[in-house]
Every structure is written in C-alpha cells, then in structure tokens.
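2 protein chains.
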Amino acid sequence: MKKIALFSLMFTSLIHAQSKDEQMLKAIYNFSLTQSQCYSWLDDLSNKIGARPSGSLSAEKGVTYTKQQLETLGLDKVYLQEVMVPKWVRGEKETAYILDNKTKITVPICALGGSVATPKNGLTAEVIEVHSIAELKQLGTEKVKGKIVFYNRPMEPYNIEAFDSYSNCVDQRFYGAKEAALLGATGTIVRSMNLRLDDFPHTGAQSYGDLPKEKYIPTAAISTNGAELLSQKLKENKPLKFYMKLSCQQYEDALSYNVIGEIIGSEHPEKIMVVGGHLDSWDLADGSQDDGAGCVQGMEVIEIFKKLNYRPKNTIRVVLFMNEEFGGKGGKKYEELSKKNNENHIFALESDSGGFSPRGFSLECDDAYFAKISNWKPLFEPYLIHSFVKGHSGSDIQPLTSVKIVKAGLKPDSNRYFDYHHAANDKFDAVNKRELELGAATMASFMYLIDQYGID
Amino acid sequence: MKKIALFSLMFTSLIHAQSKDEQMLKAIYNFSLTQSQCYSWLDDLSNKIGARPSGSLSAEKGVTYTKQQLETLGLDKVYLQEVMVPKWVRGEKETAYILDNKTKITVPICALGGSVATPKNGLTAEVIEVHSIAELKQLGTEKVKGKIVFYNRPMEPYNIEAFDSYSNCVDQRFYGAKEAALLGATGTIVRSMNLRLDDFPHTGAQSYGDLPKEKYIPTAAISTNGAELLSQKLKENKPLKFYMKLSCQQYEDALSYNVIGEIIGSEHPEKIMVVGGHLDSWDLADGSQDDGAGCVQGMEVIEIFKKLNYRPKNTIRVVLFMNEEFGGKGGKKYEELSKKNNENHIFALESDSGGFSPRGFSLECDDAYFAKISNWKPLFEPYLIHSFVKGHSGSDIQPLTSVKIVKAGLKPDSNRYFDYHHAANDKFDAVNKRELELGAATMASFMYLIDQYGID
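Protein sequences appear in the order of chains Y and H.
The letter at position 355 of the first sequence is residue 355 when you use this note's numbering, and the numbering goes up by one with no holes.
The letter at position 395 of the second sequence is residue 395 when you use this note's numbering, and the numbering goes up by one with no holes.
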C-alpha cells in the first residue's frame with residue numbers, strides 16, 4: 001500500500017511538474033502573441049532608425065533606443081559596454097556594366113564589406129568566370145592576371161537547410177578577393193549568396209587576410225540575375241569587358257557599444273544566462289531580418305519574464321552585440337570582459353537566423369545534455385517546435401568559453417532567409433509579426449526550462 | 001543458428017526496405033528542388049493568365065493551359081470534366097467612406113462573393129458594431145433595422161494554427177448578411193479575415209441561405225485597418241454614417257471544367273489515388289497562394305513520378321477542381337461522376353492551405369491507419385516534416401465517399417497565409433520557389449508511401 005501511495009505521489013508530482021511547465025509555456029506564447037512589444041520595437045529600429053552599420057550614427061541611435069526601451073522594463077541593471085568597431089563606408093552607390101562590344105548592359109552590384117574602392121573613374125577589365133577558389137588556383141597567374149575574377153558557383157538548391165547551402169558557397173565571397181589578388185587579378189565580382197534569381201546584390205564581409213595593403217583589389221557582389229546574364233554573355237565568346245566603380249572607404253575604428261539588460265537570479269545570481277542578437281546591420285537596408293529580429297526577440301524574452309512575474313533562478317542577461325557583421329568585435333569584447341570579471345556563463349542563446357517561423361534550436365552541448373533537452377520536445381510540440389539538432393549556435397556567443405556553458409541558436413524556417421540576407425530588401429515588411437512573436441516565445445520557453453532545470 | 005539467420009535476413013530486408021524508401025524520398029525532394037516545373041507553371045498561371053474566378057474567361061484559360069501542360073507529361077489520360085459553376089462578377093471597384101459629420105474618410109472595402117449590389121448611387125446608413133451573430137441577435141430588430149451591421153470580431157492572435165482563428169471567425173463573413181437581413185439591416189460590412197493590420201480587404205464566399213431574394217442585402221469586407229478606424233470613430237459617439245457602393249452581379253451558371261490527368265496503376269488500376277487543388281481563385285488577384293500553388297503542386301506530383309520513372313501500383317490522378325471558392329461545384333461533380341462510374345478511391349490529397357513551407361499533413365482516417373502513417377515520421381524528419389494530425393483534409397475532396405478512403409490535406413506553415421488569403425496581394429511574389437517545391441515533394445513522398453503500402 002505504502003509503495004503504491006509513494007508511486008502515486010511521485011506520479012502526481014510528475015504530472016504536476018509537467019503541468020506547471022505546460023502552463024508556463026502556454027502563458028509565454030499567449031503573452032508573446034497578444035501583448036509583446038517586439039514587433040513595435042522592430043518597427044522603430046527599422047523604420048525610425050534604419051540601417052545600422054558598425055560605427056555609423058544610426059548604429060549609435062540603435063544603442064540609445066534599445067537601452068531606453070530596456071530601461072522601461074524594470075530590470076535590475078541596464079548598461080552599455082564599450083567596444084571599438086571597424087568602420088567601413090560604402091560611399092556613392094556603385095555602378096557596373098557589361099561592356100559587350102560597344103553596348104553597356106547595366107547590372108546591379110554592391111561592394112563587399114571591407115573592399116577597397118576602384119580608381120575614381122572605375123575599373124574596366126576582361127572577365128574570367130570560375131566556380132571555386134580551387135578552379136581559380138588551377139588557372140594560375142597567367143590566365144588571371146589583369147582580369148576581373150567572376151565567382152559564379154550558385155548556392156545549392158537541393159539542401160533542406162538553406163544555411164548548409166550558404167556555408168558551402170560563402171568562401172567565394174569571404175576569401176575570393178584575396179585569392180584572386182594573389183594571382184594578379186584587378187578585381188573580383190561574386191554571385192550573390194541568394195537562392196533565388198532576382199536583382200538584389202547581397203553584400204557581406206570579405207577579408208584580404210594577410211595580404212599587404214597595396215595588393216588589395218576591389219570586390220563586389222552581383223545580383224543572381226546579373227550573374228546569370230554575365231555568365232551567358234561569356235559563353236558567347238565575344239570580346240567582353242566588365243566595368244565597375246566602387247567608392248567605399250575604411251575609416252579609423254569607432255567607439256560603439258554592446259547594450260545589456262539583466263534580471264539578477266534569485267537563487268544563483270552568479271550563474272549567467274545570455275540571450276540576444278546583434279544590433280548592427282549591413283548598410284543596404286535596415287536589417288529587419290538580420291538581425292533586428294534577433295535583438296527584439298532577445299529583449300522580448302526579458303519582457304515576457306518581467307510581465308509574467310517570473311523571477312528566474314539564474315541571472316538572465318539580454319545582450320545586443322555590436323559589429324557581428326564585420327569583425328565580431330562586440331562578441332569578443334563581451335567575452336573579454338566576462339573573463340576579466342570572472343563571470344560564469346551557463347547558457348547562451350542567440351537569434352541570428354531571421355525572424356521567420358521558429359522550428360527549433362541548434363545546440364552546442366555534450367550528448368548527455370542534448371538527451372536532456374530532447375526530453376523537452378513534447379512540451380514544444382503544441383507550438384510546432386520540433387527540430388533540436390547539434391550545430392552552430394551563433395557568431396556573437398561563439399567566443400564565450402565558460403567551462404560548462406551550453407550554447408544554442410534559434411532555428412527558424414530557413415527557406416526565405418537568403419532572399420533578404422545582406423540585401424536592400426531586408427526591410428521591415430519582410431518580417432511577419434506572428435513569426436517574430438512565435439520566435440520570441442520559443443526562446444523564452446527554452447530559457448525558462450534551462451533556468452528551471454539547470455545545465456548539470 | 002537458423003533462427004539467427006532468419007532474423008538476420010528479416011533485419012537485412014527491413015533495412016533494405018527502409019533504405020529503398022529513404023532513397024526514393026531523397027530522389028523526390030532532390031528532383032523537386034532542382035528540376036521541377038511547378039514554379040514556372042505557377043508563374044504562367046499567375047502572371048500570364050491571372051485571377052480565375054469561376055465562370056470567367058481566365059478560368060477557362062487556366063483550364064486550357066493546365067490541360068496542355070499535363071499533356072506534355074506523357075500521362076495515360078488527360079481529360080476535362082464538365083461542370084456548371086456559379087458566375088458572380090464584382091463589376092466596378094467598390095467605394096466606401098465613413099461619413100464623420102461632413103468629412104468623408106475613405107476606407108478600403110470589397111464586396112463579398114455572392115453579394116447583391118447596392119443601389120446605383122450607393123447606400124448610406126448608420127452603423128452598428130457587433131462582435132458576433134449572437135450579439136446581433138440580442139440587439140434585435142429595433143436596434144438593427146435600417147442600419148449597416150459592422151461585424152468586427154478579429155481573428156484570435158493566440159492560436160498557433162492560423163486556420164483555427166479563421167474557423168472561429170468566418171461565421172461573420174459567411175452568415176453575417178443573412179442574419180442581419182433577418183433583423184432588417186440594410187447592409188453589412190465585415191472585418192477582413194486577416195491576422196495583421198493592413199489596407200487589403202479580403203473577399204470570400206457568403207450565403208443568404210434560404211432568404212427570399214428580395215431580402216438580400218449588400219455585404220462587403222473592410223480592411224483590418226479600416227475596421228479599426230471605424231470602430232474607433234464609433235466609440236467617439238458622434239453622429240456617424242457609412243457609405244458604400246457595390247456594383248456586383250450574379251449571372252447565369254456557366255459551363256466550366258475540372259482538369260484531370262492520370263497514370264494508370266500497374267497492379268491495381270481500379271484503385272484511385274487523387275491529388276490536387278482548385279483551379280479557380282477569387283477575382284482580386286491571381287490567387288498564387290489560393291490555390292495556384294495547390295494546383296501546380298498536384299501537377300508536380302505527377303511530373304515527379306513520371307520523370308523518376310516511378311510506375312505507381314495504383315492509379316494516380318491529379319485533379320484541378322473548379323469552383324472551390326464559391327459553390328464547390330467541381331468537387332461535387334467529381335464525386336457524382338465517380339459514383340456513377342463505380343470508381344473506388346483509396347486516397348485523396350489536397351493542397352489548399354498555401355504554398356508555404358510544408359510542415360505535415362492533416363488526416364481523415366481511422367486510428368489504426370493514423371498509427372500506420374505515424375510510423376513514417378522518421379522518413380520525413382530529414383525534410384523537416386513533423387506534423388501529422390487528424391483534421392480537415394480539403395474542401396474539394398470532402399464530397400468523396402468511397403468506403404475505405406483516406407483523405408489528407410497538406411499542412412504548410414500557416415502564419416502568413418491570411419496576410420494574402422482572398423486579397424489583392426495574393427500574387428506570384430507571395431510564393432517562395434523553394435517552399436512551393438518542398439510542398440510538392442512532401443506530397444509526392446506521401447503519395448509514394450501510400451501507393452507502396454496501401455491503405456489496408
């Protein structure tokens with residue numbers, strides 16, 4: 001009898017525990033879908049402040065705005081963390097055309113982040129098309145020297161996760177100029193990292209690596225339609241040149257900030273759980289998907305906890321990192337100060353894959369903890385959150401090195417992400433209110449469960 | 001030893017069987033994401049043909065086009081099925097304004113499908129706002145007579161499935177005019193079935209039921225922003241009237257067609273598996289999401305089977321139903337002829353919830369078969385298809401009554417669907433190529449498994 005009673009008690013408390021979590025998740029999703037501020041915050045960030053490239057005036061406005069908003073939430077602390085960031089400015093809008101005999105066919109390009117400018121009157125050269133850095137190297141100096149290298153390997157359409165296609169393609173953008181410069185090229189153009197055919201060139205970081213400055217060559221992205229056209233023209237084997245003019249310039253590093261707000265843990269104030277995204281964007285648009293969405297979702301997690309009167313056991317800290325796009329200085333500075341202050345991070349969650357319908361989380365943790373997290377899947381099922389996988393979490397939380405830290409990235413539906421990523425159409429109307437709110441609720445739910453059950 | 005050998009053999013063949021299905025699904029997804037025609041078919045349907053309301057010239061063009069395309073696929077049969085459909089024409093674009101004292105504030109409205117016109121010079125009346133038919137009935141004739149009834153209950157933002165919010169809201173649109181007419185109202189306006197605030201009025205079917213014709217009153221949808229504004233103005237308690245002018249007209253029923261293509265089954269030609277969507281759309285836009293997407297996905301299933309040289313055991317029939325939006329005559333005619341010809345349908349799959357990222361299927365079947373289908377979940381996991389639930393399949397396949405039939409509806413992500421549904425922005429650019437193709441592949445995979453393993 002006693003045994004049965006004990007079992008019954010255990011069973012009852014199990015049900016009770018589960019039901020408590022079920023109720024909390026329900027309250028979180030309900031709040032987010034009906035009362036959250038994240039969409040209106042994004043509206044302000046995108047439409048009142050706009051594009052926020054590192055070191056720009058509008059990035060500073062973004063800092064001031066988000067700090068002010070966090071201050072309205074009644075947190076225990078809201079503060080800024082100084083960080084010096086690279087400042088690169090595009091200057092005058094780029095022009096480019098295919099010079100097909102005497103016909104000029106304009107194509108949409110944009111300088112890649114960190115590119116040097118062309119000469120004032122632009123650069124004209126023959127074009128050589130390649131599909132990989134390996135192919136370029138095989139061609140060698142003789143065939144490359146004096147030419148514009150055109151990297152034209154498309155993102156693979158057949159991967160289910162669009163980020164896999166990005167990873168398999170982005171070396172052309174990141175290392176393409178350096179490799180071409182080593183073979184004497186005068187410039188490079190790279191097919192935009194975009195799964196669809198359209199007229200938007202997509203910028204993004206590139207690196208000259210350890211090249212001496214005098215060897216830097218200008219590098220730009222061309223829209224996918226432009227790349228298709230250029231490739232087709234090259235197949236016609238007519239004498240063809242390419243003209244491009246870039247006016248971009250690298251300035252001195254500028255002072256900027258990570259924006260931080262926190263609720264101090266009631267049981268383990270020394271254990272820190274970070275949530276956030278990055279406040280900087282590229283300069284071509286307001287970066288609503290990349291990563292305005294992640295910032296306001298991080299802020300929303302904190303708002304949800306406050307408004308639902310949930311007092312976390314551990315310290316919850318929202319961090320809006322500066323300069324993810326072009327240097328990652330904010331994430332590095334955050335880790336540097338964290339080490340200096342002997343902080344102990346147990347968990348970090350970043351949203352930097354867009355504000356689309358949330359599908360799950362990408363996790364950096366050991367097998368045992370992964371198994372523990374997998375046990376929470378039934379709690380997420382009613383919200384159509386189903387994908388818990390091991391993988392990359394987020395660029396800004398990458399530097400964090402606390403011994404036992406678990407890291408996670410929100411995993412939204414990836415199909416449309418590269419339609420907007422780093423392009424002029426990454427604007428407010430690309431984000432759906434419900435999808436943004438569901439993402440925030442999914443993050444808050446995950447943070448709640450980690451806070452409740454720890455990471456041991 | 002023998003026992004072990006047998007077990008080992010069984011195990012090997014189990015692995016083999018599973019691996020065969022895994023390979024087939026991989027081939028299906030791969031084909032759909034790299035070689036399918038569905039997106040270009042949709043481009044034609046949407047951009048060359050356009051809106052296809054029942055009985056219209058463009059609906060007939062849609063019939064001709066899709067039949068021609070099916071004829072290029074080398075099917076065993078392609079044919080049309082005659083069906084008489086209601087023909088309702090919107091006429092001149094509607095106008096409406098709030099008459100706030102002497103100020104006219106224009107608001108976007110559109111007549112609901114089947115509405116009668118207002119008098120030629122329009123209709124002006126006081127407005128009474130309600131949030132449900134029950135509330136209207138409580139008000140009674142005294143408070144309603146001579147007024148325009150304004151139904152303003154929004155779609156619930158807190159449901160995870162947007163279709164639940166639609167179901168809980170659409171009674172206002174479908175029955176609202178009839179109920180208001182019974183209490184002497186002169187017209188009705190209904191808040192658009194849209195989860196977001198914007199300026200698009202959303203049309204859709206409404207029914208006067210058994211009202212005598214002379215009692216019919218004009219009825220229109222107002223955009224969600226318009227509804228918010230009107231409601232706010234009404235709260236100010238000033239004398240306020242509403243003006244609307246509708247020029248719509250009901251014509252004689254017109255001859256139209258269901259479009260059908262089939263591959264005859266190699267083992268069970270008498271067992272029919274149907275897949276498809278509906279070819280008609282509303283008239284305000286080309287209906288790329290509703291339901292151009294479903295049509296081309298159904299066609300794509302057939303293309304995938306043909307191009308992968310998969311010879312189905314059962315007869316696979318793609319059906320593009322006519323007139324789902326306003327009468328459902330195509331689905332009814334299909335069932336009528338099916339009965340007459342003693343056809344035996346074992347399975348029907350409809351895609352009529354948009355061309356968004358596929359998430360799973362909504363199933364009408366018994367528990368045992370539901371359990372069988374659930375066993376296939378691991379096969380779908382690599383494609384992020386995770387949601388297999390019991391529920392409504394599709395309007396066009398609803399009439400089918402074969403004894404053992406299993407019915408399914410493709411379940412795409414629903415968050416953005418009502419941003420476009422029945423509105424002027426349901427256009428080609430609302431559909432993402434990858435999402436459309438993933439949906440088609442998910443349907444083809446499901447059809448393949450049902451074809452392989454039957455429904456017994």
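Please note: incorrect hints may appear among the correct ones.
Since copy identity is lost for identical chains, a pair holds within one copy or between any two.
[What the hints assert, rightly or not] No farther apart than 16 angstroms at their CA atoms in a straight line, the calculated lysine to aspartate or glutamate pairs in the EDC-like style are these:
1. K143 to E129
2. K332 to D199
3. K233 to D100
4. K26 to E161
5. K313 to D76
6. K26 to E156
7. K145 to E270
8. K61 to E82
9. K77 to D198
10. K377 to E267
11. K137 to D199
12. K215 to E236
13. K377 to E228
14. K377 to D171
Just so you know, these hints were derived from the structure itself, not from any lab.
How the hints compare with the structure:
1. K143 to E129: within (11 angstroms within a copy, 75 angstroms between copies)
2. K332 to D199: neither (35 angstroms within a copy, 45 angstroms between copies)
3. K233 to D100: within (8 angstroms within a copy, 61 angstroms between copies)
4. K26 to E161: between (28 angstroms within a copy, 14 angstroms between copies)
5. K313 to D76: within (14 angstroms within a copy, 66 angstroms between copies)
6. K26 to E156: between (38 angstroms within a copy, 15 angstroms between copies)
7. K145 to E270: neither (58 angstroms within a copy, 68 angstroms between copies)
8. K61 to E82: Classified as within; 15 angstroms inside a copy, 64 angstroms across copies.
9. K77 to D198: Classified as neither; 45 angstroms inside a copy, 37 angstroms across copies.
10. K377 to E267: Classified as neither: same-chain Cα gap 26 angstroms, cross-chain 41 angstroms, threshold 16 angstroms.
11. K137 to D199: Answer is neither; intra-copy 29 angstroms and inter-copy 55 angstroms both fail.
12. K215 to E236: neither (32 angstroms within a copy, 70 angstroms between copies)
13. K377 to E228: Neither. Shortest intra-copy (43 angstroms) and inter-copy (39 angstroms) distances fail the 16 angstroms Cα cut-off.
14. K377 to D171: neither (35 angstroms within a copy, 35 angstroms between copies)
Hints 2, 7, 9, 10, 11, 12, 13 and 14 from the earlier list are contradicted by this structure; the remaining hints agree with it.
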